[in-house]
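Protein chains: 2
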Amino acid sequence: MRGEPDLAGLAALIGDPARARILTALMSGTALTATELALEARVAPSTASAHLAKLTGARIVEMEKQGRHRYFRLADADIAEVLEELTGLAAQLPRKRPGPADPALRHARVCYDHLAGERGVRLLDTLRARNVLTGRDGCSVSPGGEAFFARLGIDLDALSKSRRTLCRPCLDWSERRHHLGGALGAAILERIFALRWARREPDSRIVVFSREGERALYETVT
Amino acid sequence: MRGEPDLAGLAALIGDPARARILTALMSGTALTATELALEARVAPSTASAHLAKLTGARIVEMEKQGRHRYFRLADADIAEVLEELTGLAAQLPRKRPGPADPALRHARVCYDHLAGERGVRLLDTLRARNVLTGRDGCSVSPGGEAFFARLGIDLDALSKSRRTLCRPCLDWSERRHHLGGALGAAILERIFALRWARREPDSRIVVFSREGERALYETVT
DNA sequence: GTTTCACTTCGATGGCGACCGAAGCGTGAC
DNA sequence: GTCACGCTTCGGTCGCCATCGAAGTGAAAC
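If you read the sequences in order, they're chains A and B.
Under the numbering used here, the first residue of the first sequence is numbered 3, with each subsequent residue one higher.
Under the numbering used here, the first residue of the second sequence is numbered 3, with each subsequent residue one higher.
Please note that the accuracy of each hint is not assured.
Since the list gives no way to pick one copy over another, a pair counts as held whenever it fits inside one copy or between any two copies.
[To be verified] Here are the simulated lysine to any residue pairs, SDA-like style, with alpha carbons at most 20 Å apart: (1) K56 x P19; (2) K163 x S142; (3) K163 x A218; (4) K56 x Q94; (5) K56 x D78; (6) K56 x L95; (7) K56 x G11; (8) K56 x D18; (9) K56 x H71; (10) K56 x R130; (11) K67 x D159; (12) K56 x G17.
If you are wondering where the hints come from, they were derived from the structure by calculation, not from laboratory data.
As the structure is a computational prediction, the values presented were derived from the model and not from experiment.
Given only the sequences and the hints, what does the whole structure look like? Please build it.
Structure, rendered in structure tokens:
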């Protein structure tokens, strides 16, 4: 059974405007409640509920009960990655303009659980230029790199024990170049928040760096 | 204008079964006529025509008149890549089984214009292991690599002059690992055909290696 | 206990779009 | 010229599915 992967089915699932808005909202990486997602999708709660049932049925989205709320999140980083790529393609298709959108969004935003936008792309560039990341796929941590991450407060050993790929280039839809995803990308963003170098704009994917945060990141990296 | 990329619109375009079949057929990289695509999509010519109008309107597909035929092809290697990724996600979603499909298809097939399937993934692995391809992204040609490709009859200088990325990892939907795309991936497949190491199964994406071809490729690479 | 809130299920409605066959248009063959 | 062919345009039908409001369920607050 299932001789062929159901490309049309999956794409159709993403292809409804309301569902696409839901998925885009979930790209923030945070789990959201059904009501929040209904707001986001601009449909009635009952309609959103039907959409969410389809998405969870297809294992694109996961649900977790918590008291009388139900929290939804993307099931998987792979899904976030494909969504990001599709968005990128959509952005460049209709006209060749890369799409203005919100400048703050293009500068730094969350891509599921790691840093995207100009800041994210530049970070990966720098890490490679400083030979913190090397190797075939540009995503192996060099011996010197290990020390670098330790200085940042990231325990590489612990990270590499997780099932998730440590380090994964993720195509950035606004920059059309890669930024750093995977467990390491997620850990870095976590540290950036923990160190108060940046904060999240509430209810959005935008990441706002403080002046000191921007400098601190710059100095740590170079 | 166009504050946001139209994710839903693009996905909906792919999300119709007939259009998905058309796009899948075009993943073979060859240009096909409207009638052939109607057959492939299993709809009436008039219906196929409407679909093709939408796809060309969205610049996903390109059309070229030739006498009284009209040939359609994917507009862009980027599009092929996203389709491949979506297919991969679709394959692993419904159940975790990677999907049997045609074994020959999983062994070696065309992905737009380069080699995919077990054979394609193994080729990229070997090239990296032999340090023909090195560097950050695992996709820079090493100095020794240059000689290797010359031996294969590939003119790297000419290739690198093209607008297209020379070397690009492309996620394989059946193997869930990367194979080699980009201008170099395309050139290699071209040589494989030219040297008669393999031939294309007519009207399919399947690539059939001859026993000698299999060996010749192996010997050249190692 | 009752009330309130979060969410889902149900039933009904409406609209969009995929589909087909027939007719039209342009190109090449004869 | 006429015919055959490839494809598109047009008109009309049909079915699916997104949508809603109302009622139902279940959990927490009081």
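Okay, the hints, checked on the actual structure:
no. : hint        : verdict
1   : K56 x P19   : both (14 Å within a copy, 18 Å between copies)
2   : K163 x S142 : within (15 Å within a copy, 29 Å between copies)
3   : K163 x A218 : neither (28 Å within a copy, 40 Å between copies)
4   : K56 x Q94   : between (29 Å within a copy, 17 Å between copies)
5   : K56 x D78   : within (16 Å within a copy, 31 Å between copies)
6   : K56 x L95   : between (28 Å within a copy, 13 Å between copies)
7   : K56 x G11   : both (11 Å within a copy, 19 Å between copies)
8   : K56 x D18   : both (12 Å within a copy, 17 Å between copies)
9   : K56 x H71   : within (18 Å within a copy, 41 Å between copies)
10  : K56 x R130  : neither (41 Å within a copy, 41 Å between copies)
11  : K67 x D159  : neither (32 Å within a copy, 58 Å between copies)
12  : K56 x G17   : both (13 Å within a copy, 15 Å between copies)
Consistency note: the structure conflicts with the earlier hints numbered 3, 10, 11.
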